[in-house]
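Add chain B to chain A, keeping to what the hints say.
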Amino acid sequence: MGFIKGAFNQIADPRLFFLLAVGALLLAVWKREAVASNAVGYGMLALLGVFFVFGTFDANFRLIVTKPDNVPIVGLIFLLLFFVWYSIREGVLNDRRIAAGNGPIEKAESDRVWVWPDLVYTELISLILCSVVLIVWSILLKAPLEQPANPANTPNPSKAPWYFLGLQEMLVYFDPWLAGVVLPGLIIVGLICIPYVDKNPKGNGYYTFTERKAEITIFLFGFAVLWASLIVLGTFLRGPNWNFFGPFEYWDIHKLAALTNVNLSEYVWVRGLRTSYPSLYLVRELPGIILVLFYVMALPVILAKSLFKGYFEKLGAPRYYVTAFLFLMMLSLPLKMLARWIFNLKYIVAIPEIFFNI
Amino acid sequence: MADTKTVAPKEGPATQFWNWLTETQVWTSVFRHDRPDTDRNRVLVMLSNVFLHLHPVRIRKSGVKLRYTWCMGGLSFFLFLSLTLTGLLLMFYYRPTLEYAYTDIVGLREHVPLGIMREMHRWGAHAMVITVWLHMFRVFMTGSYKPPREFNWSIGVIMLVLTLLLSFTGYLLPWDQLAIWAITVGSNMARATPFLGYEGPGAQLLRLGDVPLIHAADDARFALLGGTFVGEGALLRFYVLHCVGLPLGIAVLMAVHFWRVRKDGGISGPM
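As they're listed, the protein sequences go chains A and B.
The first sequence begins at 1 in this note's numbering and counts up one residue at a time.
The second sequence begins at 359 in this note's numbering and counts up one residue at a time.
The following block holds chain A by itself, in its conformation from the complex:
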């Protein structure tokens, strides 16, 4: 038993956790024909259920999972797994129909039915079921109320509301101006841009995968891997001092994590060129600034001429550059994560003089 728990504690480490999530997504997309079977979908849900039942026998696991505000996130994990699987399955089923020349199932169901009674009664039943669930949930689980607010007593860890914990997790890799302001702003802008940069006319109004491979894979990566799984990580696996704790690990407030992170400028000047830092901060940070400018300004152009040539021709310059910029911004998080894990890189550009750290 201890061995199994230890294995889970190891797997849950942010590095493995994130790589496994990416791997799972790629596997689900690649082997979608197999994933679409009921056995896989309900089997995964059952395994997850077994994991949570098994987990609740552990005191540390129980403590964090049954915290009132964390209960909805347990529900979210199940719902998300189900609906990601379900939408892939519907897409695969429709793709088979389309390949056989039948058109998507929604096409076959495009004849009209009366809103009364068909829709009105569906709505009424959903409304009643939703009320029942909400009332039973409210009776069974008390809303949390802790000690009265005390500005002099900071809890450790201090956590934002659960739906912002993905952003709080980003604070490990980026400074607040990026993780808390610029990147969330770009998430909103990026979501709004989706319909305007997506010129693919196919897959409008029905589930499909093959007709929208790239769009769906990117969205699943952003939503399921970056947004949702970082929320799960931030909620269940981050303890005092925002240190990592496995699901079966005691939240020891004295757990030490070595701070060995190094700025890019130190790699270049101190370790590479074996000199001291230049006194002017713009010169000191020049390598990082060039790297960031290359990433934001030059890389989209280079990609347009090489890897993304097809997209550039299909989308046209304005749409392509907006898409490429937003895509690279999204990728900046996993890239910074990898840089941190592999090179212990702290900041690419570090100008604390004007609070400008990347």
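These aren't lab readings, by the way, just hints derived from the structure by calculation.
The structure displayed is predicted, hence computed values, not measured ones.
Note that CB positions come from ideal geometry on N, CA and C, so glycine has one too.
Don't take each hint at face value.
Claimed, not checked - With a Cα cut of at most 25 Å, we get these calculated DSS-like pairs of lysine-lysine:
no., chain 1, residue 1, chain 2, residue 2
1, A, K336, A, K346
2, A, K107, B, K419
3, A, K202, A, K213
4, A, K5, A, K107
5, A, K107, B, K621
6, A, K309, A, K67
7, A, K305, A, K213
8, A, K159, A, K346
9, A, K202, B, K621
10, B, K423, A, K202
11, B, K419, B, K621
12, B, K419, A, K202
13, A, K159, A, K67
14, B, K621, A, K199
15, A, K255, A, K305
16, B, K423, A, K107
17, A, K213, A, K309
18, A, K199, A, K213
19, A, K255, A, K5
As the list claims (entries may be wrong) - Some chain B residues near chain A, calculated using beta-carbon distances under 7 Å:
no., residue
20, R393
21, T396
22, V403
23, S406
24, F409
25, R418
26, K419
27, V422
28, G432
29, E477
30, I488
31, T500
32, P532
33, V543
34, G558
The following block gives chain B in isolation, referenced to the frame of chain A:
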């Protein structure tokens, strides 16, 4: 003379009462048509009721299937209504001041037998965040944001932000440790806003001679909190936004959202 008396089918007292009731002036003033069991009345029921009038008269078969819609948009709307109702009841008992906020919540918890309003409000809010996400996920996976529905997707994104802000502002109101520290962590981000936060990049550049234009007592975080820390000003600001400002905003956008769904051809489906 032959006996031609015909025997009318015997009407029970319930039928007689129903017939009398539906012919009264009061009834006919409210309902302008018979029960919707004929095509004509199924049209009329939709056209003569302002709430049902949100719907079209007829709809794609796939549009009423859980398989296609997951019902997540409808549930989000229903949860919003439920939150409005429970929130209204909570407002009778809650005063947003440092003196009373926490004790009023304790009162709701301890003095109301079988009270579940606060629970329904809190769990409903969590549930609404999840249903909104899943609704957007469904809309993405069915490609329903594609023309002609691009603008409605954009409105939906703004409503997602408002949903999160509603939940975030409500999080502070119980005024316990959970509340103020979650809001402290969240609102600390605002002081790193580029140029507008006093610890944000570029804020130092905004100065007149020796006088900084952006400092702790006038930056973005100050505007959000009505102070330099999460205190009385923040509580009042979040209360007003939570109970009045944000619900009004999201209600207006909901009206636009539903109207656009109708105008853009109803629930999405293949062309």
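Structure-based check of each hint:
no.: 1; hint: K336/A <-> K346/A; result: 9 Å, holds
no.: 2; hint: K107/A <-> K419/B; result: 10 Å, holds
no.: 3; hint: K202/A <-> K213/A; result: 11 Å, holds
no.: 4; hint: K5/A <-> K107/A; result: 49 Å, violated
no.: 5; hint: K107/A <-> K621/B; result: 21 Å, holds
no.: 6; hint: K309/A <-> K67/A; result: 50 Å, violated
no.: 7; hint: K305/A <-> K213/A; result: 21 Å, holds
no.: 8; hint: K159/A <-> K346/A; result: 22 Å, holds
no.: 9; hint: K202/A <-> K621/B; result: 21 Å, holds
no.: 10; hint: K423/B <-> K202/A; result: 22 Å, holds
no.: 11; hint: K419/B <-> K621/B; result: 18 Å, holds
no.: 12; hint: K419/B <-> K202/A; result: 21 Å, holds
no.: 13; hint: K159/A <-> K67/A; result: 13 Å, holds
no.: 14; hint: K621/B <-> K199/A; result: 22 Å, holds
no.: 15; hint: K255/A <-> K305/A; result: 49 Å, violated
no.: 16; hint: K423/B <-> K107/A; result: 13 Å, holds
no.: 17; hint: K213/A <-> K309/A; result: 17 Å, holds
no.: 18; hint: K199/A <-> K213/A; result: 13 Å, holds
no.: 19; hint: K255/A <-> K5/A; result: 19 Å, holds
no.: 20; hint: R393; result: 10 Å, violated
no.: 21; hint: T396; result: 11 Å, violated
no.: 22; hint: V403; result: 5 Å, holds
no.: 23; hint: S406; result: 12 Å, violated
no.: 24; hint: F409; result: 10 Å, violated
no.: 25; hint: R418; result: 5 Å, holds
no.: 26; hint: K419; result: 4 Å, holds
no.: 27; hint: V422; result: 5 Å, holds
no.: 28; hint: G432; result: 6 Å, holds
no.: 29; hint: E477; result: 3 Å, holds
no.: 30; hint: I488; result: 5 Å, holds
no.: 31; hint: T500; result: 6 Å, holds
no.: 32; hint: P532; result: 6 Å, holds
no.: 33; hint: V543; result: 5 Å, holds
no.: 34; hint: G558; result: 5 Å, holds
Of the numbered hints listed earlier, those contradicted by the structure are 4, 6, 15, 20, 21, 23, 24.
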